[in-house]
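If you're matching positions, the sequence shown starts at 85 in my numbering and goes up one per residue.
The hints are simulated quantities; they were obtained by calculation from the structure and are not laboratory data.
It is possible that some hints are incorrect.
Using 16 Å as the maximum straight-line C-alpha spacing, the simulated EDC-like pairs for lysine to aspartate or glutamate come out as follows [claimed, not checked]: (1) K199 to E388; (2) K230 to D213; (3) K134 to E89; (4) K230 to E248; (5) K326 to D256; (6) K146 to E133; (7) K134 to E161; (8) K146 to D100.
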Amino acid sequence: MLLKEIRYVLAVAENDTVAKAADSLYLSQPALTKYIHNLEDSLNIKLFEKVGKTLRPTEYGKSYIEAAKRIQAIYTELEQDVFSLDEMIRGTLRIGTSRRGAYVLPNVLPAFSAKFPSVKVTLHEQSYDELDSMLVQGEIDIGMLKQPQELNPNITYLPLFSEELVLVISKDHPLCARAVEKEGCTYPWLDIRLFEKERFILYKPEHRNRFWVNKLFEEHHMVPNVFLDTNNIEGALYLAQKGCGACFAPELYAHNVLQLEGGTGSIRLFSVGEPVSRYQYFVAYRKNQHNTRYMAEFVNILLEYYSNK
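Start from the sequences and build out the full structure, keeping to the hints where you can.
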């Protein structure tokens with residue numbers, strides 16, 4: 085009601101007559117006249133006085149108009165702030181990702197930042213299970229995660245890309261020469277049974293990928309010779325590079341090592357298993373949450389980037 089009365093009083097002050105003010109407000113002249121009179125009665129002051137054919141503010145009216153203009157300016161600033169947030173000019177985007185997902189961000193954050201330079205990005209690196217929970221609790225806006233064993237009905241999942249878990253060995257390993265091309269495999273295929281006497285650098289037993297690795301060994305009736313258990317995948321890759329054993333790694337990690345070495349790295353990637361192990365990665369957000377435009381645009385940038393891969 086206050087904003088409405090301010091708008092009406094300022095319109096009369098700016099137009100000098102009720103008739104012109106009513107036209108600017110798309111009101112009838114009698115309706116505006118009645119509104120001003122009722123306002124004056126409620127305030128017990130006279131806001132305007134007639135001078136010839138025009139209305140001029142009284143001393144009370146001048147004080148009211150000055151205050152009304154200040155209030156209107158504050159409200160206009162508030163409107164602009166709210167609009168700016170909705171229009172992606174300011175705000176904070178909370179992204180949750182695994183350590184592996186963090187390798188994805190350099191591919192998309194530059195484009196996002198160029199569009200929305202005033203949007204701050206905060207990164208939360210957690211396990212997949214924790215990311216799922218953080219999404220539901222509203223602690224993050226967007227999650228980048230591997231497909232969970234059970235989809236949460238409170239989360240929307242949009243597929244980004246699929247990734248293969250590959251076998252990694254040094255380029256000088258003699259078994260590199262035993263690889264063959266195989267239909268459906270992204271990389272040259274190696275029979276895991278050839279590694280029966282080789283050493284392995286494996287994920288720790290609680291790691292999700294260790295489940296697949298154990299399954300692979302069980303299917304081939306193998307008991308691996310474990311040199312080291314670690315969840316530090318980068319460390320495992322560098323140990324494999326130095327010839328300390330074979331390891332398993334997601335493609336993204338392995339390619340990152342190759343890129344750091346200028347694409348000529350001393351590791352080789354191989355497909356193993358029948359069929360090979362692939363899993364889907366998603367961008368996810370909580371259902372029924374208010375997605376600001378910059379959140380929606382970040383998702384669009386992600387989807388567009390991977391649709392062109």
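- Hints breached by this structure: Hints 3, 7 are the ones this structure does not satisfy, whereas the remaining hints hold.
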